[in-house]
Every structure is written in structure tokens, then in C-alpha cells.
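So the chains spell out like this:
Protein chains: 2
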Amino acid sequence: MDDAKKGIITEQMKAVAKLENVDEEFIRKSVAAGTIAIPNNVNRDVKPVGIGAGLRTKVNATIGTSTDVNDVDMEVEKAKIAMENKADTLMELSIGGDLDAIRRTILDVTDLPMGSVPVYQAATEAINKDGSAIYMDEDAMFKAIEKQAKDGVDFMAIHCSVNKETLRRLKRQGREGGLVSRGGAFISAWMVHNEVENPLYKNYDKVIEIAQEYDFCISLANGMRAGAIADSTDRAQIQELIILGELIDRAREAGVQTIVEGPGHIPLKEIPTNVMVQKKLCRGAPFYMLGPIVTDIAPAYDHIVSSIGAAQSAAAGADFICYVTPAEHLALPGPQDVKDGVIATRIGAYVGDMAKGIHNGELDLKMANARKKLNWEAQYAAAICPADARKIREAKPPEDPDTCTMCGNYCSIKIVNEWLDDASQDVFD
Amino acid sequence: MDDAKKGIITEQMKAVAKLENVDEEFIRKSVAAGTIAIPNNVNRDVKPVGIGAGLRTKVNATIGTSTDVNDVDMEVEKAKIAMENKADTLMELSIGGDLDAIRRTILDVTDLPMGSVPVYQAATEAINKDGSAIYMDEDAMFKAIEKQAKDGVDFMAIHCSVNKETLRRLKRQGREGGLVSRGGAFISAWMVHNEVENPLYKNYDKVIEIAQEYDFCISLANGMRAGAIADSTDRAQIQELIILGELIDRAREAGVQTIVEGPGHIPLKEIPTNVMVQKKLCRGAPFYMLGPIVTDIAPAYDHIVSSIGAAQSAAAGADFICYVTPAEHLALPGPQDVKDGVIATRIGAYVGDMAKGIHNGELDLKMANARKKLNWEAQYAAAICPADARKIREAKPPEDPDTCTMCGNYCSIKIVNEWLDDASQDVFD
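Note that the protein sequences, when read in sequence, are chains A and B.
All residue numbers for the first sequence refer to this note's numbering, where the first residue is 4 and numbers rise by one.
All residue numbers for the second sequence refer to this note's numbering, where the first residue is 4 and numbers rise by one.
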């Protein structure tokens, strides 16, 4: 960001410009202004991924152990599946097992920008030692950030905006679904128990200093996000967003890149408002939507639910979408869940990108032309998941590769399409 | 419709009013005006299903054989799976095997309103006899309608609006993806080959007469619908919609119920325009969206693609959605595809209904409260597919049914939620 402010176009900016087919100077200006972030820790070499206004909407896949299911090999497999299915970034959010070892293993496996939530580590250590996150040491929160930064984490979700003001609004507002952000709950419970301000807010300058040192991107976390449709876009969330806006100003002054986390559970019609209010209060900072989940009633199908939310969010201007898997609200996702989640979210992002003019359906046109010619290989090539398209067709192959042998050369569809394409033919009177 | 015009509130209208929790007089007025249809052939007794403005968006599941895969037992299984998963209507669109026998079998199996596309039968007979649908007999088109009406079909997709004017606009417009409506292609090829007007347009009064006799609902078919994003909302489609509007006026005068079929393949941002122009040109007739499919690039995942389209369509005012399955564009759907298609479309319709104010997320609130209390049985009960939600959770059950044994009574989420719900506690200063 400092380079961009000085007018320098870095190799990363050039790479992003090329990938996105936009002007290098546009990237530089946007990075300088803070409307585009390119997360890349100084200690790591990752694929250049630009996140922000004017770029393709990016998709994040979250992996990580739970306290119950703690299998490093499965996490590696999930990371690989996310990469194979073209996630743009990974977040590693383990809370079970040897957190340092798992994080370093995944950092080795992936060349995608990787994110984390450092308060999970601080809280997990307090839980293991004293039985609860309310006993976290203030220093431990910053030590976790520093350790993970040193390891090379490229972007970190940090819960700086859960402060006294935010909690006051939460308390007065009330909640049908309670608080559901795990990091937000760690900080909130700690504050309520200890009756002091959030150290990550109070000592935000320290967070900025570490970010400067390792050049990671601060993903300002949304601790108040609704976990239920009934709680969407409430005063607690908007209060936190105001605080987030202020924190972004301070990070930008210090030359630190930021993105802002959003909800959560939002009904379809409130999505454009959520994007607009974030973009206004946070001066155009890249917006990272978690889903969103547009109805609470479809556990086992939340990847579809959030594909609807992703499409609408991207269309409205969101820049970055965290996937949701079919296991959401039910269990730790397995490898197949990761694949389903990445593909559903990529579909939503692609559809939304067409609506906001990032592309004009050039791939759709390729598919349409391939379909018209009954060219199956070209159809697979244009498909978001060629293998799955091929699998469905080849499981029940028609007798003739031309699909329908019903009418041979007298096929009505062929007759009409030939007539349509024949310039010498006119319409009869 | 005649009863409604005379001021009579029939048992069906009463049943629909009760199911939808709306006023009986509202239903009567809407049926009289043609903005709500209740498809029910005089020869059948079906569940009362109201389709139109002010009512819950309904979901259709299409089944039927192909020329390659022709297994009546599988079609019966598909019909049952559609019903189990709460489709509102069925369409039986077989083109392989003994069409009369299959139709009658499915009519016996289901108590849902059933639809058909009678020109498939006329065309299939011409193909079997003479090798192509271009040799169809004019009379055969009407005989198919009459035979299927007698059998009890409740709504029929009839391609009356593919006329000379429509074809002229199609020819001048051109198409990237060609014509993809099978019925539209049968009629268009027939017209181009024989160089005469579409009999279903020319003799539309005859269609109306048969509909009056059997009291089936005419689902005015969209022969020009785009089969590619590149062809969406083009002049051919809008020309046909103008003709459709005129045909609706004539049906309404004759006391015949109508619904209007829409596209097809439409990009997300064009959906509200499509709904608006249909509602205007067709004087508020119930709008039956086929999907829509909002990107061409995701074969194997078209149920997700059209769930996005369904949500946006229902939100914009569409009344009835035809499902799309994962097998779309690839193969004849099997039973699992039918289930996936119905559930994905129901999710989209539910999400859209919340946006247009048909419901206010009452079920979402039940789920949110059940989640807050970690009441798993209540969560399953509020889920769109309780069995699938249960399956995912029970495949990887946590050690303790309270999900997370990490912190016991010192769980941060519990601490915050107790503090939130405790009226005696205030925010510390």
C-alpha cells in the first residue's frame, strides 16, 4: 500500500492487472486508496489475488479442525480440494489439535493467500489451561497475531470493533438467535466477565504495527453479524460497522491494507442495503460477505442458500465471498462438502459478476455455441466443473452422440436452426 | 372462472384461501380477474393449488420419458419423490413409449394438479409414422389436446403464440443458441416447412372451446424463450409476449383460466424486467418461470443456478417456478435429480417469497430459536428436509449433544447469550 501511495506499481499489482484484464494504474490507485487489497505476507510467496471494486468477486474456502474432529490429513485433503475447485483464498480456522503445526502444514500445502482468526488460538490456549476464554491474557491476543504473522498468514480476521459501544447496542437491541460469531463471542464474553474494554480495540495501534511489519491484510471481523434472519441488519451490526469505518481510516493512514467482514444471515431484499451501507461507512473498503445465508430453514442445503446470497451480494457490489458448505450448522465439513461449497459459491459469484458488469457472459456464449452444435467436448470445456458434467452425461449415454435419434435429419430443432442461420431464406407470407 | 365472475366462492377457492391464509373474497376477485388460477380438470379431483399474485410461489416438477430412457416405473418413482419433497404440481412430458398409458398412470399416482404439452404427442405420432414433426396433421394437434383433457390433465402448455409475426422477429433477430423450446421447435419447423400459419393460433377459439369443456387451465407456452444468456430478452421473446397478452384477453373473455410461461435463460439483472414486462403485457396473468437459468456455464449444477434465478424471480413477482435438476442439459433426470431439483427450487421460492412479503420468515425464527437453545429435534422439524439435516449431523455426531464440550459451562457463546437475555444485567462502563 505504501508503494502504491508513492506511485510505484509493484510486480503483484502488475500480475493482478493482467489476471483481471484491467489497467495497472487502476490497480495502483485502488490499492493506494484502499478499495483493492492484495493479501500477501512478507514471509510468503503466493498467487496474486486482488480483492475489491472493479475486480472479479473472489471465493474463500474455510477449513480447519474442531475439538471433536481433529485430523490433519483430512484438512490437507480439504485444502487441496478447495484449490482444485478454484477457490481464490483459504482460511485455516482450526480449534482442535496442535494449532501451530496444522497452520504451518496448510501454509506449506497451498499457494493461495491464507487467512486465520488469531483470537481462536489465544482463546483455545486459555480454555486448555484454565477452562474458558474469559481467562485469556491480554498479551496472548497480540502474541497470537504476531506468531501467525511470522508464520506467513496473509490476512487475519481480527475482532477489533467489538467494543463497549458495540456491546451496549447489542444489549439494548437483544437477539433472537444470540451471538454466533465465535471470535466475537470470545471477545464479548471476555469483556463482560472482566468488565474492561477490548484490548484489540484499545491497543489497535499495536495490531497495526504488527500488520506493518509483516505486511498482512487486516480482515476487520464482524463480531455482531446476525446468525438468524430475524436479527439481520440490526443496530448492533450497524454500530460495529461505524467503528469498523473508523478503524479502516487508521489502518489506511498507516499504510495497512484492510478488508471488512460482513454478515452472516440476511434476507434477500436487505442485501443491497448491507453492501451500500458498508461501502459508505467504510469508504469503499473491500467487502467480505460470509455467504450470506438468505434463509435459516435449509440446513443440509446451506451451500445453495448462500449461492443465492452470493449472487445477490456480488451483484450489489460485494468483493469477496466466504463459501458455505452443506454441513453448515450441522457438522465439520468433509472433503465433498468443501467441493460443493466452493462450486456453489463460484456459481453465485460468477452470476453476480455478470450483473455488475465484471464480465459479459463470454463463457456463457462459448457454452451456448457448443450446445447449438451439440459439441459435447466443447461443452465440458466451458463448464464450471467439466468432470461432473461429463459424469452425468456418460452415466446415461444416449444411443447416438447427436442426443436424439428420434427424427434424424428431419429434427424440428435442426430444421428451425438451419432456417434461422440461412441468410438466403426469408419468412413466408 | 365463470363462478368467480358471477360472485360465487367455490369450495376450491375457499380451500386455497385457507391454505394461503388470505381472504376468500380476494381469491374470488383474483380468479375472476385472471390474476390467480386454480388448475383442476372437471374429470379429476386434485389438491387445491392457487397460482398467482398474492399467493405463495408454487414449484413444478417435470417428469417424463425420453426416446432413449423409457421406464414407466422410474417415472412413477420420480412422481412420488416429487410429491414427498413437496412439489406443488407435476408436469408429465413423456416422448418415449406408450404416451397415453404413461400419462394415465401418472394421473392415477398423483393428487397434484398435473400438466402436459399436448403437441409432444401430436409430433411424436407424426415422427413415428412419417419420420418428422413437419408432417403433423393439423387435426392431430387438437385431437391431442382433447384426448389429454378427457384424461384429466389440469393445465396444458399450448404453443399458440408461435405465429408468423413471432417467427419474422426471430428470423430478423437471429440467435446464438438457436431455438430450444421443443414444442416451439415442433411448431416453428412445421410452419417453416409448410409455409402456413400455426393452427393453434389461427384456430385458437377451438383451443378455448376444449378448455371450457374440461375446465383445464391454458399454460400459454413460450416457444421463443432463450436457451442461452446471449439470447435473453430479445425481440422474438417480447414479440411473442405481446401475442400472448392478446391470447390471454380472449381466454379471459371466454372464462378460461390462463397462466403464462416465461424463460428460460436470463441473466440475474434482467429478471425484474422480465417479470414486469410480462405482468404489464399480460394484464397481471400468473407468471410461470422456467428456472430461470442465470448462467449457461454450470451443467451438473443447474439446480443451484436456477435456485438463484427462482429466488430473484419470486422476489420480483413471478408466481410459479418450474424446477431444474442437476441433469439439465446432460441427461434425463433420475429420482435423486428430481429430489435435488424440487428442494433447490423450493429454497429459491421461499427466499423470494420472503422478499415479496408473502411471509415474514416465521419458519426462520423457529429455526433461529431452536439453534440458540441447541434443540436439535426442533431444528430438524423446522428444516426444509429434516431427514437430510439429521443425516449430516448423525454421520459425525459430537461426543456431547450440546455440540461443543470445549469449555463446558464457561462457553463464551453461552456467557454472552445469558448476559444478553438477563434483564437485570447492564453494560459495564
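These are calculated hints, taken from the structure and not from any lab test.
Hints are not guaranteed to be accurate.
To be verified - Sample of chain B residues at the chain A side, in silico, Cβ under 10 Å: (1) Ile130; (2) Asn197; (3) Lys209; (4) Thr276; (5) Leu368; (6) Arg396; (7) Leu423.
To be verified - Computed Cβ-Cβ distance ranges for the label pairs, DEER-style: (8) B:Ala384 - A:Asp5: 33 to 41 Å; (9) A:Asp114 - B:Val430: 27 to 35 Å; (10) A:Ala426 - B:Lys132: 27 to 35 Å.
Unchecked claim - Mimicking SDA-like on lysine to any residue, the simulated pairs with C-alpha atoms at most 20 Å apart in a straight line are: (11) A:Lys417 - B:Glu149; (12) A:Lys167 - A:Asn131; (13) A:Lys417 - B:Val195; (14) A:Lys399 - B:Glu80; (15) A:Lys272 - B:Gly57; (16) A:Lys375 - B:Gln176; (17) A:Lys417 - B:His196; (18) B:Lys394 - A:Val72.
Note that beta-carbon positions come from the ideal geometry of N, C-alpha and C, so glycine has one too.
Results for each hint:
1. Because the closest C-beta pair between B:Ile130 and chain A is about 5 Å apart, less than 10 Å, the hint holds.
2. This hint holds: B:Asn197 has a C-beta 9 Å from the nearest C-beta of chain A, less than the 10 Å allowed.
3. Taken as an interface hint, B:Lys209 does not check out: its beta carbon lies about 22 Å from the nearest beta carbon of chain A, beyond 10 Å.
4. Violation of the interface hint for B:Thr276 is found here, the shortest Cβ-Cβ separation to chain A being roughly 12 Å, above the 10 Å cut-off.
5. Given hint, B:Leu368 at the interface with chain A, holds; its Cβ is 5 Å from that chain's nearest Cβ, closer than 10 Å.
6. With a least beta-carbon distance of about 4 Å to chain A, the hint placing B:Arg396 at the interface is held under the 10 Å criterion.
7. Interface hint at B:Leu423: satisfied, since its Cβ lies 6 Å from the closest Cβ of chain A, which is below the 10 Å cut-off.
8. Look at B:Ala384 against A:Asp5: about 55 Å separates their beta carbons, and that is not inside 33 to 41 Å.
9. The supplied range of 27 to 35 Å is broken by A:Asp114 and B:Val430, whose beta-carbon atoms lie about 45 Å from each other.
10. At roughly 33 Å, the beta-carbon separation of A:Ala426 and B:Lys132 lies within the given 27 to 35 Å, and the hint holds.
11. For a cut-off of 20 Å, the pair hint linking A:Lys417 to B:Glu149 is broken: about 29 Å separates their Cα positions.
12. The suggested pairing of A:Lys167 with A:Asn131 is violated, with an alpha-carbon distance near 27 Å, which exceeds 20 Å.
13. For the given pair, A:Lys417 sits about 12 Å from B:Val195 by alpha-carbon distance, which is consistent with the 20 Å threshold.
14. Restraint check for A:Lys399 and B:Glu80: the C-alpha separation of about 18 Å stays at or below 20 Å, so the hint holds.
15. Restraint check for A:Lys272 and B:Gly57: the C-alpha separation of about 17 Å stays at or below 20 Å, so the hint holds.
16. Straight-line distance between C-alpha atoms of A:Lys375 and B:Gln176 comes to about 16 Å, which keeps the hinted pair within the 20 Å bound.
17. Pair hint A:Lys417 plus B:His196 holds up; C-alpha atoms about 12 Å apart against a cutoff of 20 Å.
18. For the suggested pair B:Lys394 and A:Val72, the alpha carbons sit about 17 Å apart, so the restraint of at most 20 Å is met.
Of the numbered hints given earlier, the model fails hints 3, 4, 8, 9, 11, 12; all others are met.
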